[in-house]
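Protein chains: 2
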Amino acid sequence: MKLKQLGEFGLIEKIRGTTPRGLGVLLGIGDDAAWLKTQKGSVLVTSDLLIEKVHFDLRWISFYDLGYKTLSANISDLAAMGGVPTYLVLSLGIPVDFNAEDVEEFYHGIRKLASECEVALVGGDTVASDRFFIGAFLMGHAPYSPITRSGAKEGDDLYVTGTLGDSALGLDLLKRTRGRTKSGELAYLMSRHSTPTARLKAGTLLAKEKLAKAMIDISDGLLQDLGHLCRASGVGAEVWQDLLPLSQAYQKYSGRKASLYALTGGENYELLFSLRMRDRGRLKKIERRLGVPITRIGKFVPAPQGIQVVDHQGKILPLPHGGFDHFRKSS
Amino acid sequence: MKLKQLGEFGLIEKIRGTTPRGLGVLLGIGDDAAWLKTQKGSVLVTSDLLIEKVHFDLRWISFYDLGYKTLSANISDLAAMGGVPTYLVLSLGIPVDFNAEDVEEFYHGIRKLASECEVALVGGDTVASDRFFIGAFLMGHAPYSPITRSGAKEGDDLYVTGTLGDSALGLDLLKRTRGRTKSGELAYLMSRHSTPTARLKAGTLLAKEKLAKAMIDISDGLLQDLGHLCRASGVGAEVWQDLLPLSQAYQKYSGRKASLYALTGGENYELLFSLRMRDRGRLKKIERRLGVPITRIGKFVPAPQGIQVVDHQGKILPLPHGGFDHFRKSS
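As given, the protein sequences belong to chains A and B, one line each in that order.
Here this note's numbering is used: the first residue of the first sequence is 20, the next is one more, and so on.
Here this note's numbering is used: the first residue of the second sequence is 20, the next is one more, and so on.
Worth flagging that the hints you see were computed from the coordinates, not collected in a lab.
None of the values given here were measured: they were computed from a predicted structure.
Check the hints yourself; a few may be wrong.
As the list makes no split between identical chains, a pair holds if one copy fits it or if it spans any two.
[Unchecked claim] DSSO-like mimics (lysine-lysine), calculated; alpha carbons at most 30 Å apart, straight line: (1) Lys21 / Lys72; (2) Lys229 / Lys318; (3) Lys172 / Lys56; (4) Lys276 / Lys23; (5) Lys59 / Lys220.
For reference, chain A alone in the conformation it holds in the complex:
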C-alpha cells in the first residue's frame, strides 16, 4: 500500500501497534511527549541526520539494513562515551509514493537491534518529503563517568578496536555487485557496511575500568575523527600505518585502496581511544572481556606536530584526502 493511501496517522497507528512498550517507558508513542524514567540523575543524548543520496543509497542498502544501521550508528556514539542506550525517537521524511511495507521493513531493522540492546522506540514524527531522510535521537544513561574527547595527553598510547576500512570496502563491493549480497568474505565486508556493530560492550568496559581517557567512534574516518579528538584534547598524534588492524577479507580484497580506506573510510564504528602508558598491563588483562581485538596504532604527541602517518621506519607519509564534510564538495 502506498503511503498516500495509508495516511500519516494510519502509519503512526501501524508503528505504534507493533512497538513494544519497553523498559522505563512511563508513556510512549501517541501523546504530545513521551515520559521516560532516567537513572542516576542524568542522561546522554546523541542525534543523527541521514539523507538519501547523501548518506545512503537505496540501490545498495535494504530498508531493513538501513533501519538497523541507523540505530547502530547512534548506539556507537553512546558507546564512545561509555554509555548505554535506552530510548529512541525517530523522525522520518518519506516520499509519498513509498510503499508502507518498505517503511515497515525499516522499522523491523530498527526493532531487531533495539530489542537486542533493550532500546525502546518512544516517539517521533513522520512527514512527506522529496527524499527519504531520517532524524534519530538516541538517549542513554551513563553507568560510569562519560569519556569525552578531551582527555588525551601527550605521551598517551593510541588504540583502536576491531579492524579498519571494512565498511568503505564493503560499500565498494555493494556498488560493484549492484547491491546483491555475496557469501563468505565478501558478505562479511558488505555486512560491515550494511549492518555494522557498535562497540557497546567495549565502550562501557573501557569506561568502567577507567582505561580510555579520551574516546571517539570512527564515523567520518580514522584520520578525521582522530583530528576531532586531538583538537578537543589539545594534542597531536602519530599513526603507525603498518600496525593498522586489517581483517583477512580486507587484506585480500582491498588492493590499492588498502591504506586509503583504512585511514579515511567512514562508518566504521570502531572506537578510537587514548590510554596512559602505565595502563597497558591492565588493558591487556581485560582484552578478552572486551569481546573485540584492540590494537595500539600510534601515540599522542605535542599539538604543533598535528597528525602524522608514519611507516615502520618512521618515515612521514603523505596524508590522504578524505573524510566527510557535508557542505564541501570533495575535490
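Dock chain B against the given chain A, drawing on the hints supplied.
Quick look at chain B alone, frame taken from chain A:
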C-alpha cells in the same frame, strides 16, 4: 559567506562558540553525545520535523522567526503535558548555497526564546540537503504528574486557552502582503503565525492544580487535535461554535473564513483540555494566575456521537474539511 565556503565543521564551531552552556548541562555541543542532568528521575521528550515548502515558506517567514517558532512549537508540546522544557537538540538539513548568516539568524531566533525559557541547546547535526529542514528534539521535566490525552470522560467540560484561528489568518495576511509585516492588529495576527507563544505557564499550572484531566496543544487544528484527544480518551465531543474565543483582530479581518480557521486552523498552540464539572469553581479562581483567557467551548459526550459542531440552537453544523495529514493531498 556561503555555507560551502564555511564548511560543516566551521558552522558547528560558530554555533558552539555562541551557545551558552546552560543550566544542568554537564557536557554540551562538541562530543559524541551530550550529558545532561535530569530531575525527579524522569524526562519528557518531544520531537518535530519541519520541511521547507511543507511546513514553512521562507517567502513568508524570516529565519529568525522560524527559529523562534520551531522552539515554540516544541515547548507547546511539553506545555500540553504540564511539563517544563530544559534541553534542545537541533538537526538541520541546509542547502549548500544558503548564507551562513541566515543560518545564524535562525539560531538567534532559537536562542531568544531559549534564553527566555531557560532551554539549553545541547547538540545536533547539520547536513547538506536540497530543501531546508529542521529536526527538533526537546527534552523537559515533569514537575507534576504529566497530563496525557486519555483522561477525558463523558460529561467533562471542554476548554481552550487564548483565541482561535489567529495563526491561520496571520499566514493568509503574510501571503497577501508577501511577507511584509504590518502594524497594529494586522501585525498581531501575523505574529501569532510567525512567533507564536506556547502556553507554558498555563500548562504547568493546570497540571499542578490537577485541573486538566486530558490536554493537547492545537497544532493541526482544533477539530483534528480534539479528535486525537477523543480517540485517546474513548469519548466524543460537542463543540459550541458560537462560543469559540476569537480575538478582536480576528473578528475584524477573518470575514468568510471565521469559523473555518477557528475550527481547523493549525499552528495555533493553544491548549485544549477537559475539566470535571465539579472543578469549574477552582478553575475560575485561578484563571487570572493562568495569564491567559480560558473559555468553555463544549463538552465531552459518548464516543459513538463522534465530534459535532453545534450552533446556539443546538443545530448540528456540517464539519469543515481541514487539518493536516502529511501523506494525503487535501481535496
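Next item on the list: Using 30 Å as the alpha carbon limit, work out where Lys229 and Lys318 are close: within a copy, between copies, both or neither.
Entry: So Lys229 and Lys318 pass the 30 Å test inside one copy only (18 Å; across, 60 Å).
Margin query: Please sort Lys59 with Lys220 into within, between, both or neither, judging by C-alpha distance up to 30 Å.
Written below: both (20 Å within a copy, 28 Å between copies)
Next item on the list: Please work out whether the CA atoms of Lys172 and Lys56 approach to 30 Å or closer within one copy, between two copies, in both situations, or in neither?
Entry: between (36 Å within a copy, 28 Å between copies)
Notebook entry, point to check: 30 Å Cα cut-off: does Lys21 pair with Lys72 within a copy, between copies, both or neither?
Noted result: For Lys21 and Lys72, both the intra-copy (21 Å) and inter-copy (22 Å) Cα distances are at most 30 Å.
Item checked: Status of Lys23 relative to Lys276 across identical chains (alpha carbons, at most 30 Å) -> Only across copies: Lys276 and Lys23 sit 28 Å apart there, 44 Å inside one copy, limit 30 Å.
Hint compliance for this structure: no hint is broken.
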